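Note that full-length UniProt numbering gives residue 36 to position 36 of the sequence shown, counting from 1, and the numbers run on in steps of one.
Please note that the accuracy of each hint is not assured.
Claimed, not checked - Below are the BS3-like pairs computed for lysine-lysine, each with C-alpha atoms no more than 30 Å apart in a straight line:
| no. | residue 1 | residue 2 |
| --- | --- | --- |
| 1 | K19 | K181 |
| 2 | K42 | K65 |
| 3 | K24 | K65 |
| 4 | K225 | K254 |
| 5 | K19 | K225 |
| 6 | K31 | K156 |
| 7 | K6 | K42 |
| 8 | K181 | K24 |
| 9 | K32 | K6 |
| 10 | K19 | K31 |
| 11 | K144 | K99 |
| 12 | K19 | K65 |
| 13 | K144 | K225 |
| 14 | K24 | K225 |
| 15 | K99 | K65 |
| 16 | K156 | K32 |
| 17 | K254 | K144 |
| 18 | K6 | K31 |
| 19 | K144 | K19 |
| 20 | K6 | K24 |
| 21 | K24 | K42 |
Stated by the list, open to error - Simulated DEER-style distance windows between Cβ atoms:
| no. | residue 1 | residue 2 | range |
| --- | --- | --- | --- |
| 22 | S309 | T191 | 22 to 28 Å |
| 23 | P282 | S118 | 21 to 27 Å |
| 24 | S53 | H256 | 45 to 51 Å |
| 25 | Y152 | E245 | 48 to 54 Å |
| 26 | R267 | K181 | 39 to 45 Å |
Hints were generated in silico from the structure; no laboratory data involved.
Given the structure is predicted, the values throughout are model-derived calculations rather than measurements.
Beta carbons: idealized from backbone N, C-alpha and C, even for Gly.
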Amino acid sequence: MNLQNKTVLITGGTGSFGKTFTRKILGYGIKKVIVFSRDELKQFEMMQEFDDSRVRFFIGDVRDKERLRQAFDGVDIVIHAAALKQVGACEYNPFEAVKTNIIGAQNIIEAAIDRNVSRVIALSTDKAASPVNLYGATKLASDKLFVAGNSYTGGKETRFAVVRYGNVVGSRGSVIPHFLKMKPTGILPITDERMTRFWITLEQGTQFVLDSLTRMRGGEIFVPKIPSVRIVDLAEAIAPECRLEYIGIRPGEKLHEAMITEDDSRRTLEFDSYYVIQPEFPWWQNESEQTEQGSPLPESFSYMSHTNSAWLSVMDIRAELGLGAEAVHASV
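My request is simple: use the sequences and hints to build the entire structure.
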């Protein structure tokens, strides 16, 4: 999709993704970027980073549909990144997670249709596939709402799609900042030595959202092909001198993450660098005829972090994090 002279709104726009995405799209000739979030301090701090008159800031909460309707006036594209994302926080504050992640998703959909927003992409998570925690369950519900939202548009041009990917390297919710913080103590807490996770950088994540914005017809869940890492390899890459202390899996955690389940795979197409989970709605047949043909997946296929075909070694991880051999040895 051509972003020239478009107005883009990012919910949760003061987060790691929002900042990176804002910085990227400013080079695409856009008319305006609206950063929509509820934290005035984070907005103030972000204002200091972006000296560009095209970047505007709106205080608001996705729980407030009327405020969303005001903010969406004249908006062409919405990137929905706002969510309660901490697994533990959602486990112990379930009502709040539902209000933000599920009711907030419904509010986004209804406000976007009301205001004739052209395209909406919602950011999801691997935890939404076969969820075992409340965060994943609320994001699964959110994904289904955004896919079904295409049934509610009537004659309007608003279209909804979802992007699902794994842990984002360097984001505030990533384990990497925690490992770096703990490094001087000489001990790294590890939940379980068998644990694996998908790996994607902020730059890769933002680019995938832009690519999906161009590809979407409405109703798809886009999943990138990305590598996996072993948690013990990540610890070794960051702090080889540290002793590992196994603390056990926390409430709501999995040993391994999934992005495409066996049941999803029956309606998933594979492309060179990504997958598309297609919606199970009658209108999709007409939409799918407009897309390039992907390849069906084999029977019983699943896309799991521990059975992934692509892995990052300890040296690969260090290269991704910009940790050269000199930096690693200097810390020993």
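For each hint, the structure was consulted:
no., hint, result
1, K19 to K181, "holds (22 Å)"
2, K42 to K65, "holds (22 Å)"
3, K24 to K65, "holds (28 Å)"
4, K225 to K254, "holds (20 Å)"
5, K19 to K225, "holds (23 Å)"
6, K31 to K156, "holds (23 Å)"
7, K6 to K42, "holds (25 Å)"
8, K181 to K24, "holds (28 Å)"
9, K32 to K6, "holds (7 Å)"
10, K19 to K31, "holds (17 Å)"
11, K144 to K99, "holds (16 Å)"
12, K19 to K65, "holds (24 Å)"
13, K144 to K225, "holds (22 Å)"
14, K24 to K225, "holds (21 Å)"
15, K99 to K65, "holds (12 Å)"
16, K156 to K32, "holds (23 Å)"
17, K254 to K144, "holds (22 Å)"
18, K6 to K31, "holds (5 Å)"
19, K144 to K19, "holds (27 Å)"
20, K6 to K24, "holds (14 Å)"
21, K24 to K42, "holds (19 Å)"
22, S309 to T191: 22 to 28 Å, "holds (25 Å)"
23, P282 to S118: 21 to 27 Å, "holds (23 Å)"
24, S53 to H256: 45 to 51 Å, "holds (46 Å)"
25, Y152 to E245: 48 to 54 Å, "holds (50 Å)"
26, R267 to K181: 39 to 45 Å, "holds (42 Å)"
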